[in-house]
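Q: Protein sequence lines, in the order shown, are assigned to chains D and G.
Going by the numbering used here, 216 is the number at position 216 of the first sequence; the sequence numbering is gapless.
Going by the numbering used here, 390 is the number at position 390 of the second sequence; the sequence numbering is gapless.
Hint data in this document are derived by calculation from the structure and do not stem from the laboratory.
Heads up, a few of these hints could be off.
So these bits of chain G aren't anywhere near chain D, every CB distance computed over 10 Å [as the list claims (entries may be wrong)]: (1) 37; (2) 45; (3) 65; (4) 71; (5) 117; (6) 162; (7) 205; (8) 237; (9) 250; (10) 254; (11) 258; (12) 270; (13) 393; (14) 395; (15) 397; (16) 409.
Derived list of chain G stretches under chain D, where covered just means 3 residues or more per stretch with a C-beta under 8 Å from a C-beta of chain D [what the hints assert, rightly or not]: (17) 76 to 86; (18) 197 to 204.
The beta-carbon is built from N, C-alpha and C at its ideal position, and this holds for glycine as well.
Listed below, chain by chain, are the residues.
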Amino acid sequence: MATISRDNRGLRLAVRYLVLVLVALVFAFPLVFMIVSSLKPTAQLLSDTSSLRAFLPVGDISLSNYTAAFQRAPIGRFVLNSVFVTVVTVTASLFLCSLAAFSFTYLKWRGNGLLLSIALATLIVPFETIAIPLLLFVSRLPWLGLDGIEYGWLNTYRVQIIPWIADALTIFLFVQYFKDLPRELIEAARAEGASWWQIYRRVVMPLSGPVLATAAILKSLKMYNEQYLWPLIVVQDEAHRPIMVGLGYFFQLNVAWGEVMAYLSVITLPVLAFYLVLQRAFIASIASTGVKG
Amino acid sequence: MRKTSLFAAALLASAVLPHTAHAQTELSMWYHGAGNEVESKLINKIVSDFNESQSDWKVVIESFPQSSYNDSVVAAALAGNLPDIIDVDGPVMPNWAWSGYMQPLPIEESVIENFLPGAIGRWDGKVYSVGLWDAAVALYARESTLEELGLRRPTLEEPWTGEEFMAALKAAKDSGNYKFALDLGMNDQGEWYPYAFAPFLWSHGGGIVDRDTYQTAEGVLNGEAAIEFGEWWQSLFEEGYAPGTSEAPADQERGFIEGDFAFQWNGNWRAVATLEEVDDVVFLPAPDFGEGNYIGGGSWQFGISASSDNPEGAAAFIEFALQDKYLAAFSDAIGLIPSTPGAAAMTKNYAEGGPLEAFFALSEQQARLRPVTPGYVVQSKVFTKALADIANGADVGDTLDAAVDEIDADIKRNQGYGHEG
Numbered sequence: 001m002a003t004i005s006r007d008n009r010g011l012r013l014a015v016r017y018l019v020l021v022l023v024a025l026v027f028a029f030p031l032v033f034m035i036v037s038s039l040k041p042t043a044q045l046l047s048d049t050s051s052l053r054a055f056l057p058v059g060d061i062s063l064s065n066y067t068a069a070f071q072r073a074p075i076g077r078f079v080l081n082s083v084f085v086t087v088v089t090v091t092a093s094l095f096l097c098s099l100a101a102f103s104f105t106y107l108k109w110r111g112n113g114l115l116l117s118i119a120l121a122t123l124i125v126p127f128e129t130i131a132i133p134l135l136l137f138v139s140r141l142p143w144l145g146l147d148g149i150e151y152g153w154l155n156t157y158r159v160q161i162i163p164w165i166a167d168a169l170t171i172f173l174f175v176q177y178f179k180d181l182p183r184e185l186i187e188a189a190r191a192e193g194a195s196w197w198q199i200y201r202r203v204v205m206p207l208s209g210p211v212l213a214t215a216a217i218l219k220s221l222k223m224y225n226e227q228y229l230w231p232l233i234v235v236q237d238e239a240h241r242p243i244m245v246g247l248g249y250f251f252q253l254n255v256a257w258g259e260v261m262a263y264l265s266v267i268t269l270p271v272l273a274f275y276l277v278l279q280r281a282f283i284a285s286i287a288s289t290g291v292k293g
Numbered sequence: 001m002r003k004t005s006l007f008a009a010a011l012l013a014s015a016v017l018p019h020t021a022h023a024q025t026e027l028s029m030w031y032h033g034a035g036n037e038v039e040s041k042l043i044n045k046i047v048s049d050f051n052e053s054q055s056d057w058k059v060v061i062e063s064f065p066q067s068s069y070n071d072s073v074v075a076a077a078l079a080g081n082l083p084d085i086i087d088v089d090g091p092v093m094p095n096w097a098w099s100g101y102m103q104p105l106p107i108e109e110s111v112i113e114n115f116l117p118g119a120i121g122r123w124d125g126k127v128y129s130v131g132l133w134d135a136a137v138a139l140y141a142r143e144s145t146l147e148e149l150g151l152r153r154p155t156l157e158e159p160w161t162g163e164e165f166m167a168a169l170k171a172a173k174d175s176g177n178y179k180f181a182l183d184l185g186m187n188d189q190g191e192w193y194p195y196a197f198a199p200f201l202w203s204h205g206g207g208i209v210d211r212d213t214y215q216t217a218e219g220v221l222n223g224e225a226a227i228e229f230g231e232w233w234q235s236l237f238e239e240g241y242a243p244g245t246s247e248a249p250a251d252q253e254r255g256f257i258e259g260d261f262a263f264q265w266n267g268n269w270r271a272v273a274t275l276e277e278v279d280d281v282v283f284l285p286a287p288d289f290g291e292g293n294y295i296g297g298g299s300w301q302f303g304i305s306a307s308s309d310n311p312e313g314a315a316a317f318i319e320f321a322l323q324d325k326y327l328a329a330f331s332d333a334i335g336l337i338p339s340t341p342g343a344a345a346m347t348k349n350y351a352e353g354g355p356l357e358a359f360f361a362l363s364e365q366q367a368r369l370r371p372v373t374p375g376y377v378v379q380s381k382v383f384t385k386a387l388a389d390i391a392n393g394a395d396v397g398d399t400l401d402a403a404v405d406e407i408d409a410d411i412k413r414n415q416g417y418g419h420e421g
């Protein structure tokens, strides 16, 4: 009886692993396809799509697509631009949105609830509906630079960063998290004579690791992967273009699919590295906040 | 005294010299070819040749990816940030001119008198843009396929009739040698649809919009001829002659070359690559369904933005770029049809006896511009959707009626787009 039970356990485990491996393969397939395809000439890549060869590094394998892709577009520049815009925006966003959420959660001021509701209501406004008014706005905004005041933010990094710093989702994540922190901690700190700034810096933020990780990941992915329409209309010079606009360089009349895959592989590297470094925090943050990506 | 005179002369010279060797006025220019290495090299060569050829103007080029170029221009127009020189896709030009993004091109008619009609952009009786090339579509086939199926080789003078065309497709299908008799490139649901398929509608006697008034599509896009076209179009997919909208890009790019399709309706930009792999490829003219045989005309052209303060400089550059040697260089490099016979004679592909010579004649004799109206940018999208829906089995009459309603509503919303009704 005990033997049968052990066998059953073994079988169950084997089935479970088989299912998990299959699911893992399904999720890994697009990535494998992209990387494997980036090593094949376009003609072979297209012929292979009708069979399992599409996922195997077989046939005429080389790095020539990477060489060609780097010749076709200033990929390094695009990646640097995107990484810079992402890092600055996310850092500023975490700071300002957490401050806003702190104020909404702990400070008593007139219109607090109403303003939070208005901020959250912007979640349902698609960006496309405000893109043109925002374009007209930023194209006339002043900026105090080294040469004095200049007008118009087009073709700059700031036009890709500043409009994205404050966002309702990040504020909402912080508000939800702050609400669950023990009130006693805040009250004890107040009783000790701590200022609100000290409470924010020394009590609340050190306890906010999971929500910081969640907000950072969601915001980073949005800034790095999804910035297309906005930079398309506000950035006309190549020097400031991000990766998603750069993808257009590869869609000519005759699409070089091998180079497209090479480009996608290269621009995915920073995301993969970011994920691998923060993997533990990412899983912990999802487990603690219940946010699904 | 002598010293004083010399000093005065030196002062005078220093004051005058900077004006004599004056700086070139900068002209900004936007181009749609970012990522196209060959095209970029050519356009940069023209720009540097122009900048060195005279001392008044200096063109500074900024290239954009083609897929996002139009959006960038429209956004820049709204933000008041357009450059001096822009390039514009032929059928889009009337919209940009009507919207006030472009100004007429101050160029002598004699400069463009030999140009292919599709390479000149006119709106409201004025020239707004001129192109260095045009494109053309042809029916790709193999000489061996025609022989094997016992088909007559159609010519420009005597193209296939609609019946002959369908008989050819039927013969290919019945032979069992092909996955599909015809590839139409249905996976590319962009400007390809109106560019490539509107000629079939014209050949049936219909149209996207009434070209006499440009005020309605009623009767032309849903009239008897259009319905007949729609039913014929649907039959291509229902009867299994052509792959539908779910066709994989891989099949479209490799299918004809690998012998999966007997015929392919494709542009001349694929001709050079096809010639390299298919020895006996022939480029056949469009069939005539009763009202003439057509292909689409009009490709990328240069024009001047409305906000340019230096239209004479911009025009000088455009005129400089229209030299036969540049037209020929572009054609040799990217395979498109040079705009003049003189330039065609200088190319390896379009000169007499060249492998793509047929395309020049196709462009010259069969090309018809898509509707020359600012409303075309909307009409092309409506037409594309209607054709995709019909291919997927939607009712022909209802779909075309709905398309007409949408086009007419758009024309009304825009007060007729400046046409005299």
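Q: For each hint, tell me whether it holds in the structure or not.
A: Here's how the hints hold up against the structure:
For residue 37 of chain G, the requirement that its beta carbon stay farther than 10 Å from each beta carbon of chain D is not met, with the minimum near 6 Å. The claim that residue 45 of chain G lies off the interface holds: its Cβ sits roughly 18 Å from the closest Cβ of chain D, which is beyond the 10 Å cut-off. Consistency note on residue 65 of chain G: stated as away from chain D, yet its beta-carbon is not over 10 Å from all of that chain's, at 3 Å minimum. For residue 71 of chain G, the shortest C-beta to C-beta distance to chain D comes to about 6 Å, within the 10 Å cut-off, and the non-interface label is violated.
Chain D leaves residue 117 of chain G outside its interface by the beta-carbon criterion, the shortest separation being 22 Å against a cut-off of 10 Å. The beta carbon of residue 162 of chain G is kept farther than 10 Å from every beta carbon of chain D, the shortest such distance being approximately 29 Å. Against chain D, the non-interface label of residue 205 of chain G holds: every CB pair exceeds 10 Å, the least being about 31 Å. For residue 237 of chain G, the non-interface assignment is confirmed: its Cβ lies about 21 Å from the closest Cβ of chain D, beyond the 10 Å cut-off.
A Cβ of chain D approaches the Cβ of residue 250 of chain G within 10 Å, the least distance being about 4 Å, so the stated non-interface status is violated. Listed as outside the interface, residue 254 of chain G is inconsistent with that label: its C-beta sits roughly 5 Å from the nearest C-beta of chain D, within the 10 Å cut-off. Remark: the non-interface label on residue 258 of chain G conflicts with the geometry, its nearest Cβ contact in chain D lying 8 Å away (cut-off 10 Å). For residue 270 of chain G, the requirement that its beta carbon stay farther than 10 Å from each beta carbon of chain D is not met, with the minimum near 7 Å.
With a closest Cβ-Cβ approach of about 25 Å to chain D, residue 393 of chain G is found to remain outside the 10 Å limit, as its non-interface label requires. No Cβ of chain D approaches the Cβ of residue 395 of chain G within 10 Å, the least distance being about 32 Å, so the stated non-interface status holds. Against chain D, the non-interface label of residue 397 of chain G holds: every CB pair exceeds 10 Å, the least being about 34 Å. For residue 409 of chain G, the non-interface assignment is confirmed: its Cβ lies about 21 Å from the closest Cβ of chain D, beyond the 10 Å cut-off.
Given a C-beta distance limit of less than 8 Å, the hint that chain D covers the stretch 76 to 86 of chain G holds, as 5 residues qualify and 3 suffice. A count of 0 residues in the stretch 197 to 204 of chain G with a Cβ less than 8 Å from any Cβ of chain D is obtained; the coverage claim is therefore unmet, three being the minimum.
When held up to the earlier numbered hints, the structure conflicts with 1, 3, 4, 9, 10, 11, 12 and 18 and fits the remainder.
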